[in-house]
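Enquirer: Please assemble the complex out of the two chains, which come individually in their own frames, going by the hints.
Taken in sequence, the protein lines are chains A and B.
When you read off a place in the first sequence, starting at 1, and then add 66, the result is the number in the working numbering.
When you read off a place in the second sequence, starting at 1, and then add 316, the result is the number in the working numbering.
Since the hints were made in silico from the structure, they are not lab data.
We treat Cβ as the ideally placed atom computed from N, Cα and C, and that holds for glycine.
Treat the hints with care, since some could be wrong.
A few chain B residues facing chain A, derived, Cβ under 8 Å [unchecked claim]:
hint	residue
1	Asp327
2	Tyr336
3	Arg385
4	Ala397
5	Lys418
6	Phe420
7	Gly505
8	Gln509
9	Ser513
10	Lys524
11	Asn525
12	Pro526
13	Pro529
14	Thr534
15	Gly537
Here are the simulated lysine to aspartate or glutamate pairs, EDC-like style, with alpha carbons at most 16 Å apart [stated by the list, open to error]:
hint	chain 1	residue 1	chain 2	residue 2
16	A	Lys421	B	Glu401
17	B	Lys524	A	Asp324
18	A	Lys421	B	Asp507
19	A	Lys463	B	Glu401
20	B	Lys528	A	Asp446
21	B	Lys521	B	Glu468
22	A	Lys421	B	Asp399
23	B	Lys488	B	Glu424
24	A	Lys294	A	Asp324
25	B	Lys528	A	Glu450
26	B	Lys357	B	Glu387
27	A	Lys422	B	Glu401
28	B	Lys521	A	Glu454
29	B	Lys521	B	Glu475
30	B	Lys528	A	Glu453
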Amino acid sequence: MSDNIGPAVSRKPGRFTALLISLGIFAGASFVGYLFHIMGFPDTNVVVVYLLAILLIVWSTKRFLYGLFFSVATTFTFNYFFSEPRFTLSVNDPNYYITFVTMLVTALITSILTSRIQREAHHAQKKESEIRAINNLTNHLTDARDAEEIADIAVRSIGDVLEVSVGCLYFDETGNPENTYIFRTKRPEQRELRRRTEKAEELRWRINELRTPYDETDEFYDFPLYGKDGTLGIIRIAREDIDIEDRDLQELIHSMVDSVAMAVDRFRFIRQEIHSREEIVKERYRANLLRAISHDIRTPLTGIIGTSEILLGKQKDPEAIDLTRRIQSDAQWLHSMVENILNLTRIQDEELELKKQPEALEEIIGSAIERVRGHAPQYDIDVEFPEEFLLVPMDAKLIEQVLINLMDNAIKHTPPDRQIRILVENDSKARLQRIRVQDEGDGISEEDLPYIFEKFYTSGSNKPYFARGVGLGLAICETIIHAHGGTIHARNRADKQGAEFEFTLPYGGETYEPEHFDRGR
Amino acid sequence: MNQNILTAEDDLQIQSFIDYALKHEGYSCITASNGEEAIRKAREENTAIMILDLGLPDMDGKEVIRTVRLESQMPIIVVSARDRESEKIAALDAGADDYLTKPFSATELMARIRVAERHLKNQIRQEDSGGSEVRELRIDLNKRLVYLAEKELHVTPMEYQLLEYFFQNIGKVLTTKSIIEVLWGKGYGSDTQALRSLMAGLRRKIEKNPAKPEYIITEIGVGYRLLDQ
Numbered sequence: 067m068s069d070n071i072g073p074a075v076s077r078k079p080g081r082f083t084a085l086l087i088s089l090g091i092f093a094g095a096s097f098v099g100y101l102f103h104i105m106g107f108p109d110t111n112v113v114v115v116y117l118l119a120i121l122l123i124v125w126s127t128k129r130f131l132y133g134l135f136f137s138v139a140t141t142f143t144f145n146y147f148f149s150e151p152r153f154t155l156s157v158n159d160p161n162y163y164i165t166f167v168t169m170l171v172t173a174l175i176t177s178i179l180t181s182r183i184q185r186e187a188h189h190a191q192k193k194e195s196e197i198r199a200i201n202n203l204t205n206h207l208t209d210a211r212d213a214e215e216i217a218d219i220a221v222r223s224i225g226d227v228l229e230v231s232v233g234c235l236y237f238d239e240t241g242n243p244e245n246t247y248i249f250r251t252k253r254p255e256q257r258e259l260r261r262r263t264e265k266a267e268e269l270r271w272r273i274n275e276l277r278t279p280y281d282e283t284d285e286f287y288d289f290p291l292y293g294k295d296g297t298l299g300i301i302r303i304a305r306e307d308i309d310i311e312d313r314d315l316q317e318l319i320h321s322m323v324d325s326v327a328m329a330v331d332r333f334r335f336i337r338q339e340i341h342s343r344e345e346i347v348k349e350r351y352r353a354n355l356l357r358a359i360s361h362d363i364r365t366p367l368t369g370i371i372g373t374s375e376i377l378l379g380k381q382k383d384p385e386a387i388d389l390t391r392r393i394q395s396d397a398q399w400l401h402s403m404v405e406n407i408l409n410l411t412r413i414q415d416e417e418l419e420l421k422k423q424p425e426a427l428e429e430i431i432g433s434a435i436e437r438v439r440g441h442a443p444q445y446d447i448d449v450e451f452p453e454e455f456l457l458v459p460m461d462a463k464l465i466e467q468v469l470i471n472l473m474d475n476a477i478k479h480t481p482p483d484r485q486i487r488i489l490v491e492n493d494s495k496a497r498l499q500r501i502r503v504q505d506e507g508d509g510i511s512e513e514d515l516p517y518i519f520e521k522f523y524t525s526g527s528n529k530p531y532f533a534r535g536v537g538l539g540l541a542i543c544e545t546i547i548h549a550h551g552g553t554i555h556a557r558n559r560a561d562k563q564g565a566e567f568e569f570t571l572p573y574g575g576e577t578y579e580p581e582h583f584d585r586g587r
Numbered sequence: 317m318n319q320n321i322l323t324a325e326d327d328l329q330i331q332s333f334i335d336y337a338l339k340h341e342g343y344s345c346i347t348a349s350n351g352e353e354a355i356r357k358a359r360e361e362n363t364a365i366m367i368l369d370l371g372l373p374d375m376d377g378k379e380v381i382r383t384v385r386l387e388s389q390m391p392i393i394v395v396s397a398r399d400r401e402s403e404k405i406a407a408l409d410a411g412a413d414d415y416l417t418k419p420f421s422a423t424e425l426m427a428r429i430r431v432a433e434r435h436l437k438n439q440i441r442q443e444d445s446g447g448s449e450v451r452e453l454r455i456d457l458n459k460r461l462v463y464l465a466e467k468e469l470h471v472t473p474m475e476y477q478l479l480e481y482f483f484q485n486i487g488k489v490l491t492t493k494s495i496i497e498v499l500w501g502k503g504y505g506s507d508t509q510a511l512r513s514l515m516a517g518l519r520r521k522i523e524k525n526p527a528k529p530e531y532i533i534t535e536i537g538v539g540y541r542l543l544d545q
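Pulled out of the complex, with its shape left as it was, chain B reads as follows (with noise of 0.2 Å):
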């Protein structure tokens, strides 16, 4: 299928490549260069995933994500620098989706993409069966089991509530912040050494290795994901 994506990146030699990349991999590209713009294609053109640059000259990002999702759920996928992890928490918290690292390589990208892709199928499809797996990983959301490799796997109800909101985001980036509200509720605060400590326990046995994690994986700084393949 020959999916709109469209890219707000006002470095031309960047937008060049997110450009080539993509329609390497047959998508078709629209592309904008600063915020204003962006949030008028997003609306005028059939707009299915946004690859958005937090860095645009004429508007914070966190206002360009805001402003198209009062009208739209396409998945939006940020930009942004290393060391900016306050603005990638920013704009996740706003409703962006995923974010790239600069610099980024077009696996990575297509990566992206590709779980965005799923997302929209996901939205398409609603929550339709009352499970959901990934790889090895089973969850039954009806019986609220956890199931390693066919085997029934022993979670609280702590581990399993965080598991399930993992497998309700599969391959999406949530933050601490949003992890620890969905768990603990808004008013607990930020501190994070709790949400730590039961990643770790969960992660003891999820994983084969816990400081080499092939399901959810640590986003330093920002959040968690869990890895759909």
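Chain A on its own, in the form it takes in the complex (with noise of 0.2 Å):
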């Protein structure tokens, strides 16, 4: 894997060496320049060799102040060894004066042109590498199988390009650092190891407070992996290893982290996608399983329901008669969890579009009011409606559910003497319709408010007759509002002792405006 990835910038000579080759090649130079004097070649021919030699060594040493330095000396060294007076820096023929300058200029223009077009040789061709090395890191992370493999080609990559120690560490889903993270130590020995991960919790915080592109410690540079739904975790380089001054270097670490966090986001969103996949068919199976037994249940309960009802009517022992009355008592009760499940497999099943219409809500409490006094016709139960009519788009047995769990828990906690009550309110300002339903019942007990809508929570008072079946009744009235884009609260009742349920439901941009009517009498 390391094979293709690796540095292909030429670098820079060490500070000794340059000075070395310079000398050489001015040496060099005035050796020729000697010959040619020597053979009686006019001097021109010598300012051209420094000129060259100038070349060289900016070349070669990748340095332009050696070609400064060496411009300057190459025209001293012309001045005294060959013009006229010779071993002197004194000159007999003024036209030598322009021959020196224009020697210094050209040999400071070629140094600087020649500095210039390596510096953009050496920027363009470490761009290249740059991005090769990026491109093959990304290509090799397309092929990885899963998260271990992507840590461990980011690891390979980001060691062998930027020759560092270098660390893959994951969080996982919950944004928890994972415990361990695979490590890979910088040429010669190139080791690979799993290093534990030391203060997990702070260095999680530390992450995530992060204003700044990195995070440093002690011994390590911290780069975030950051994904579409958070930290992924973060890439850690040895701070001996690299110099964080280097825009260009720090730069490129950016890329490879990016490339590395799109693997990673990637892979982490397919898993997630395949498991939610799983999960919604096995929902689904779920649901219709315990749709068809449902349905199934309600056959013989009709039977038990009404045999029970006509036995209740033969009995003369009040023994009988109790006993009879709690037989159907709780068929009533196992009708009204079948009814619940049934709806909560619907909205389950129809959970991007409930078949909302605009419906009045005042026939749907009419509706549900009948339907609670068939179970308990000893309640009387009061309504509150505004005069005004007004249409809420909503699907109405799924509203009328709601309506009836929300009564059958107040009738629950409240004697029959006393006042259950739906109390319901336009509001046109927010734009939607409030319905409470009240009881002067026991109230709900403060460590049991936050958990009321929970599912299959019961209170757990020692009371399992009365908690029985409340649990998925709220939690399912939840799960209807909320599906209606309204929202649900349970609270004691400020002004006298009781529980009030109220819950909204939004009209927002329906176009259904109120409409008076006059009563007609």
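Expert: The structure is reproduced here in structure tokens:
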């Protein structure tokens, strides 16, 4: 893997080497100049040789300052050794001044241009090799089968390109650093090992609070891997191995880190996608099963409820009457459970599109009360309704179920001689209808209040008969109301003893305006 | 009187419970456990009222209703699960008179039977007088006037038409679709907004509390019913 990822940029020679090279070239040029001089060639040839020397110096040392220094040096050397009078800095022929100046200027320009070309070439070369390195990294990452492999490729590539010791540490789905991470030491050992994550909690905090492009510790620079939904992990590079002030280097690191982050993000996304698809299939299967069972329960339930009712009419013995009543109420409870389950499976099935139609809430309340009266005739439920008439989009059956559940809940906690009432308000400013179901029962205990809508939560009190079924009923209320874009809350009444459940039904963008009717009497 | 009531139901326990409830009230029972048997018995036995489970094993409940309707106007009460609104509507539109939702009580069943019986009587008597009344609410079909507790009620022509239709079908479930057809014509479509608004206006005139109606009750997802008692 490391075969085709590697540094391709030729490096500057060290200062000492550069000086030796420069002096060598300078000496060589002077020697050639001397030969030309002996052979009686014109001095201009010597000048050209020196200019060539400057070019070579800058080219081989890649240092502009050397060019500058030797431009001046050659000019003086030429003046001292080759121009008449020789071995002095003085000049007989004033034409030489022009030669000196021209020579100096040409030498300077040569060194400037050469060094610029070199710098650009160097830069281009470096950029190219960086791009190649990143491309290579990206290509390898595309083939990665799992997160482990991604980490492995990341440390190899980054380690080889930058010649650093590097680690790749993942954060898990909940944003906590994993216990260990892969770490690869730099050349020459290039050993891969798993290191233990130190102070994971602190690391998490530091990375989450990070406002700069990287974080630093005594040992490492940590570069975060950012995904769509948060931090995926970090790439950590040994502090001693890089010069963090080098902008180009930082940029390169960030490009590589971004590639890794993208790969991890994609991998996690795919994994999640597969997972949730499996979940949906499972969920649908479960819902279908539940629905089939519930449907089948209904038929014998009809027999039980009907038969027990007839039985009740035939009983004279008070104990037998009581027992039959119990059968009846249990069957009733089972029935409401079945209805709730059926509605729940319905919402889950149609999660994306509820069958919402403009409905008049008063009709639904009327129907719900009628049904509650069917199994609790001893309760009289009051309704306070605004005079104005309003159509609000909703799934009538589901909202009816919410009202039934809330009323059943109120009935469970309220004796028949106390009041249960439904209050409806139209809030035209917030464009929603607000419905409150109030009872005068024992209220909700403070410890139950936060959990009251939780699925399958039944209050921890030792009144199993009363608490039974409440959990599912209220959880379904919440699911239904949320599916309608509304809110639901439970609280104890401020005005008197008892509980109050409030839910809202928004009619937001719809254009049904309230209507007023005259009463005709 | 000893009316023959036919129960078409394939579940034995429900069948026996219905049987018992009916016999207890003095009716004679005929039973059928599939659609074919139901059609045959409806024809051959002297059946006055039919209770029909829509989930019979051999044929679609709508088919049974249509076939029976070819020869007889006997009241048909269908039995169906609660979340099967479209099934109920289809049955009502096919000619059923009423429906019961599973699970139901003997009280509910007998209430429906009584409504059906009154229908029978009305069919026999035809519409003799020009008026009809339900408790405090009275309609004068000749003068086209409505009274509530002997006081004349100001209703709009549409509201009158609506009430008239209900009074022609006291106790019967009228589907939303059939009401819209009667009031606005067949081409109107299935937009229920105007009907809901009309109903709200009428209820504010005849009901003490429109959210707890005593006369016209809502059958959610199906239609409306004028309660006769």
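Enquirer: A separate judgement is required for each hint: does it hold in the structure or not?
Expert: Hints versus structure:
1. Interface hint status for aspartate 327 (chain B): upheld, as the beta-carbon distance to the closest one in chain A is roughly 5 Å, under 8 Å.
2. For tyrosine 336 (chain B), the shortest C-beta to C-beta distance to chain A is roughly 6 Å, which falls under 8 Å, so the interface hint holds.
3. Checking arginine 385 (chain B) against chain A by beta carbon gives a least distance of about 26 Å; that is not within 8 Å, so the hint is violated.
4. Interface hint at alanine 397 (chain B): satisfied, since its Cβ lies 6 Å from the closest Cβ of chain A, which is below the 8 Å cut-off.
5. A hinted interface residue such as lysine 418 (chain B) counts as satisfied when its beta carbon comes closer than 8 Å to some beta carbon of chain A; here the least separation is about 5 Å, so the hint holds.
6. At a threshold of 8 Å, the smallest CB-CB gap from phenylalanine 420 (chain B) to chain A is about 7 Å, leaving the interface hint in force.
7. Look at glycine 505 (chain B): its Cβ only gets to about 14 Å from chain A, farther than 8 Å, so that hint breaks.
8. For glutamine 509 (chain B), the shortest C-beta to C-beta distance to chain A is roughly 5 Å, which falls under 8 Å, so the interface hint holds.
9. The closest approach between the C-beta of serine 513 (chain B) and any C-beta of chain A is roughly 6 Å, which is under the 8 Å cut-off, so the hint is satisfied.
10. Annotation: interface hint on lysine 524 (chain B) violated; nearest CB of chain A at approximately 11 Å, more than 8 Å.
11. Hint status for asparagine 525 (chain B) relative to chain A: holds, with the closest Cβ pair at about 6 Å, below 8 Å.
12. With its C-beta approaching chain A no nearer than about 5 Å, proline 526 (chain B) sits inside the 8 Å limit, and its interface hint holds.
13. The restraint placing proline 529 (chain B) at the interface with chain A holds, with a minimum CB-CB distance near 5 Å, inside the 8 Å limit.
14. At a threshold of 8 Å, the smallest CB-CB gap from threonine 534 (chain B) to chain A is about 4 Å, leaving the interface hint in force.
15. Below 8 Å, beta-carbon pairs count as interface contacts, and glycine 537 (chain B) has one with chain A at about 6 Å; its hint therefore holds.
16. Restraint check for lysine 421 (chain A) and glutamate 401 (chain B): satisfied, since their Cα atoms lie roughly 13 Å apart, inside the 16 Å limit.
17. Distance restraint check for lysine 524 (chain B) and aspartate 324 (chain A): the Cα-Cα separation of roughly 70 Å exceeds the 16 Å cut-off, and the hinted pair is therefore not satisfied.
18. Under the criterion of a C-alpha separation no larger than 16 Å, the hint pairing lysine 421 (chain A) with aspartate 507 (chain B) is consistent with the structure, at around 15 Å.
19. Between lysine 463 (chain A) and glutamate 401 (chain B) the alpha-carbon distance is near 10 Å, which keeps this suggested pair within the 16 Å criterion.
20. This hinted pair checks out: lysine 528 (chain B) and aspartate 446 (chain A) have alpha carbons roughly 11 Å apart, not beyond 16 Å.
21. For the suggested pair lysine 521 (chain B) and glutamate 468 (chain B), the alpha carbons sit about 11 Å apart, so the restraint of at most 16 Å is met.
22. Taking the CA atoms of lysine 421 (chain A) and aspartate 399 (chain B), the gap is near 13 Å; set against the 16 Å cutoff, the hint holds.
23. Restraint check: the Cα-Cα separation between lysine 488 (chain B) and glutamate 424 (chain B) comes to about 14 Å, which is no more than 16 Å; the hinted pair holds.
24. Between the alpha carbons of lysine 294 (chain A) and aspartate 324 (chain A) the distance comes to roughly 12 Å, so the proposed pair stays at or under 16 Å and holds.
25. The straight-line distance between the Cα atoms of lysine 528 (chain B) and glutamate 450 (chain A) is roughly 10 Å, inside the 16 Å bound, and the hint therefore holds.
26. Using a Cα cut-off of 16 Å, the hinted pair lysine 357 (chain B) and glutamate 387 (chain B) holds, with the two alpha carbons roughly 13 Å apart.
27. For the suggested pair lysine 422 (chain A) and glutamate 401 (chain B), the alpha carbons sit about 15 Å apart, so the restraint of at most 16 Å is met.
28. Using a Cα cut-off of 16 Å, the hinted pair lysine 521 (chain B) and glutamate 454 (chain A) holds, with the two alpha carbons roughly 13 Å apart.
29. Pair hint lysine 521 (chain B) plus glutamate 475 (chain B) holds up; C-alpha atoms about 10 Å apart against a cutoff of 16 Å.
30. Between lysine 528 (chain B) and glutamate 453 (chain A) the alpha-carbon distance is near 14 Å, which keeps this suggested pair within the 16 Å criterion.
The earlier numbered hints that this structure contradicts are 3, 7, 10 and 17.
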